[in-house]
Amino acid sequence: MPAQQDSLWYKDAVIYQVHVRSFYDSSGDGNGDFRGLAQKLDYLHELGINTVWLMPFFPSPLRDDGYDISDYRSVNPLYGTLDDFRSFLDAAHKRGIRVIIEMVLNHTSDQHPWFQESRSSRSNPRRDWYVWSDSDTKYKGTRIIFLDTELSNWAWDPVSKQYYWHRFFSHQPDLNWDNSALREEVWSVMKFWLDMGVDAFRLDAIPYLVEREGTNCENLPETHEVIKDLRARMDREYPGRMLLAEANQWPADLRAYFANGDEFHMAFHFPLMPRMFMGVKLEDRKPITEILKQTPEIPDNCQWCLFLRNHDELTLEMVTDLERDYMYDEYAKDKAMRLNLGIRRRLAPLLDNDRRRIELMNGMLMSMPGTPIIYYGDEIGMGDNINLGDRNGVRTPMQWDGGWNGGFSPADPEMLYSPIMLNPVYGYHAVNVQSQKRFDHSLLAWMKRLIRVRKSTAVFGRGSMQFLYPANHRVLAYVRKLGNETILVVNNLSSSAQAVELDLKAYKGNILVEMFGRNVFPRIGDLPYLLTMGPYQFYWFKIRRV
Amino acid sequence: MPDESILSDEFIRELINVGEVDILVGVPTHNDARTVGQAVQGVRAGLLKYFPRARSVIINADGGSRDGTRDLVRAASINDTFGTNFPALRTLHSISTQYEGPPASGTALRTILAAADLLQAKACAVVSPESTSLEPQWIERLLLPVVQEGMDLVLPVYRRHKFDGLLIRNLVYPLTRALYGCSVREPYPSDYAFSSNLGTNFLNQNVWAQEQGRHGTELWLTLAAIVGRYKISQSFLGTRGRLETPPSDLVKAMRETAGLLFCSLDCYPAAWQGAREPLPAPCSGCQPAVSLEPMRLNRKRLHQMFTFGISQLEPVFDSILSAPTHEELKRLASVPENEFVLLGPLWARTVYEFAAAYHRAVIGRDHVVQALVPLFRGRALTFLQENREASEIEIENNLEKVCQAFEAEKPSLLQLWDGGK
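Line by line, the protein sequences give chains A and B. Residues in the first sequence are numbered from 1 upward in steps of one, following the working numbering. Residues in the second sequence are numbered from 1 upward in steps of one, following the working numbering.
This is chain A alone, in the form it adopts within the complex:
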């Protein structure tokens, strides 16, 4: 466990999301593994992140990249053993890196022994661990999430001659959270990992835990009760651990998941993310400020999780039709890029590999109120392969160097779990860690600097936020404050140079110190503070009284 026992450690976290399978293969079987991941901890430590979020690594038939779990208390042999995981965890903690693991509680794989037992007979003790029905008409009106592949939330099981409920793929039957025995077993599973030293759980697909007739089966009070119960138990027995909610909802609906600071510690701010992309494309801060104005206050011990990209499609569920059409037209002209009301692309391709825009987006990610997450590979500007189907195009092997398999694996290329990127722009010859380490001005070097500056102050993670509303709508400006420390952030969302006048009267007499170069800018006076900014440029200023 990291030396610093701060119960609010997650507010200072810089999280790195990684899939074990994609990161580094030490065994030569074509799949990344925990021993390989452990070998790359120094890289992550150098990058500056202090928390790793691991995508699912439990045993699974891998029909949904591990989100279909068939055993909650083990490690998929492809990635190693439980001991390998323990060693990795230990090595991470020694470097001051905390570890978040996935806990998929809404559903299991249909290959999980629980489901195999449940379906075997209607009198099986685990029958009620899943949601069965004689007809497929219950819970009518519940939306289908995987629109591109599923036609119904019910699937017929020929073995037990009933329908079972599934909010995701049909091979992922939903667990029945009304069953107390199931609840106890899940808590036992969580204890298993908490005892090992895991710092936090990302609870996947949390809005859908409980279903009730006559509702949309999302965000129900009973679901909140389930989480509160788990949280209370965790706080009692494992203080300092954290629960992170994956709930793709509007901010007002997300608020409930924090409750009074006794439910989730953190939740992803899903609606903000597409609006950051929208703001940069529109060259207008309006989408960003609007969604943050709609974002409710959360308890002091809670935190938003911010991200630009992740393993899933860039979701466009929480936008209007007008906004969705715009995003599709601007960011996914090729219809093959669109999936499940989203866009399945990585950060660099979305931004046309424009270094300035990549920096701007990361700058906003690191300076807005919340805990930032970097998706593996985005720190070097990796590309995507939309021809791989589903969301696999953004889950290609990490590119370490320009050599064999991009340094990911010693196996024959045909054995890799996924083809490595080859094209001249994003392929491993062009984009890899080794070559970017050689240059001070590579994206990787810049990301390290960005994270270092972010971590140099607690303001970004714990401070308040107040928007300035300069008349130039292409500039997004805000002030972050914590105690005596105040930081001014100014972002030019436009592709052209901009002049902006900021109303800083409240800080008259202070000087601005730019945080990357530590150069002093003129003192704030009575007049609006004039800044001129290059295309996509951003500033972080400390506001200091000398």
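FYI, nobody ran anything at the bench for these hints, they're computed from the structure. Please note that a few of the clues may not be correct.
As the list claims (entries may be wrong) - Residues from chain A shown here face chain B by an in silico Cβ test under 8 Å; the list is partial:
#1 Arg285
#2 Lys286
#3 Thr320
#4 Asp390
#5 Tyr469
#6 Asn472
#7 Arg474
Said to hold, decoys possible - In the BS3-like style, the derived pairs of lysine-lysine whose C-alpha atoms are separated by at most 30 Å in a straight line are:
#8 B:Lys122 / A:Lys333
#9 B:Lys410 / A:Lys335
#10 A:Lys333 / B:Lys252
#11 A:Lys281 / A:Lys335
By construction, the Cβ of each residue, glycine as well, lies at the ideal position given by its N, Cα and C atoms.
With chain A held as given, fit chain B onto it using these hints.
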């Protein structure tokens, strides 16, 4: 204000904040608080509905309103602190500036053109603040031909009452058509759109210090577009509603129309004297554009003003008109009202003789223009009588006859121009 800049520092600062735009809609105002709110709301709705992704701005060029007009225009803004109820993808600035000098539509237009030039607006529209019937669709109908079809000037076609726009119908339209070979129904528009190409060109013309740079400038813009062979189209907008206003000053109107047209003859001799191909001005969505509801009119008064003018201005007409034309008009002044007919050919000839007199400055040019007023009243009286019971088609046919009369009489102007009488 900086030398040689018609834009104030404050306005430039606001334009900096707006930045480059795709669409600019200009609203020239002077004490229009009764109607401008509705007009800009129509503009805003049109921009949001038909150009939701475009970078747009509403620019109000005001002549010194004291009734809150400018605040009403500014209230159309949509940004992250204002107008947040509207489902807008992006910020919509609605800004206002007061231009220097007395209220004048030409000065307002110049301000709008300068702003459009600075903001690199690709398509611009100007709408009247007086319109009580401005629909969001007007914005589409005016701007879409510029944005998508590459038109340089889009002029409106309205559904007018048959007795509305008499000056336009009996003089401005037929004269423009005959002289310059372009059939635009509203050459002196209140609502129109233009491309950045035409706008920048017009802004750089040397008109702003002259009378046509202050009044009648919209007509001058139309003429410049025709003469410059820009791509022109017309869009049917529908009924143009306005609040009841006091009777307009016909002398002022005559200066801004006939006077300006006469002046253009000196500026663009090659355009109207040469044998040019007619310039097409296709009309989109055009439909029968005349409404026929009954209207009370004072024909007696028109007749009286005609006859009074004939008698009072006889020496003036002597120096302007040819003897045969003058005699015909004097004969008309002696017939009773119910027999009065100032036919198209006579009217056209009269106008051309006035044009030639203006060119030669036989008397002060402004006096020439003013002297046309009573004669126009006679023509207006004839138009009212001809069309009192007419159907839409008959009115259209009568109007076409007037246009043809102007075209047929054009050789007389050519002859007069070089000194004949």
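Now the hints, each set against the structure:
For the restraint placing Arg285 of chain A at the interface with chain B, the shortest Cβ-Cβ distance is roughly 7 Å, inside the 8 Å limit, so the hint holds. The interface hint given for Lys286 of chain A is met, as the beta carbon of that residue sits about 5 Å from the closest beta carbon of chain B, less than 8 Å. Of the supplied interface hints, the one on Thr320 of chain A holds, with its beta-carbon coming within about 7 Å of a beta-carbon of chain B, less than 8 Å. The beta carbon of Asp390 of chain A comes no nearer than 30 Å to any beta carbon in chain B, farther than 8 Å, and the hint placing it at the interface is violated.
A cut of 8 Å between beta carbons decides the hint on Tyr469 of chain A: the least distance to chain B is about 5 Å, and the hint holds. The interface hint given for Asn472 of chain A holds, since its Cβ lies 4 Å from the closest Cβ of chain B, which is under the 8 Å cut-off. For Arg474 of chain A, the shortest C-beta to C-beta distance to chain B is roughly 6 Å, which falls under 8 Å, so the interface hint holds. Of the supplied pair hints, the one linking Lys122 of chain B and Lys333 of chain A holds, its CA atoms being roughly 24 Å apart against a limit of 30 Å.
Straight-line distance between C-alpha atoms of Lys410 of chain B and Lys335 of chain A comes to about 61 Å, which puts the hinted pair past the 30 Å bound. Of the pairs offered as hints, the one joining Lys333 of chain A and Lys252 of chain B is violated, with about 56 Å between alpha carbons and a cut-off of 30 Å exceeded. The straight-line distance between the Cα atoms of Lys281 of chain A and Lys335 of chain A is roughly 19 Å, inside the 30 Å bound, and the hint therefore holds.
Of the numbered hints given earlier, the model fails hints 4, 9 and 10; all others are met.
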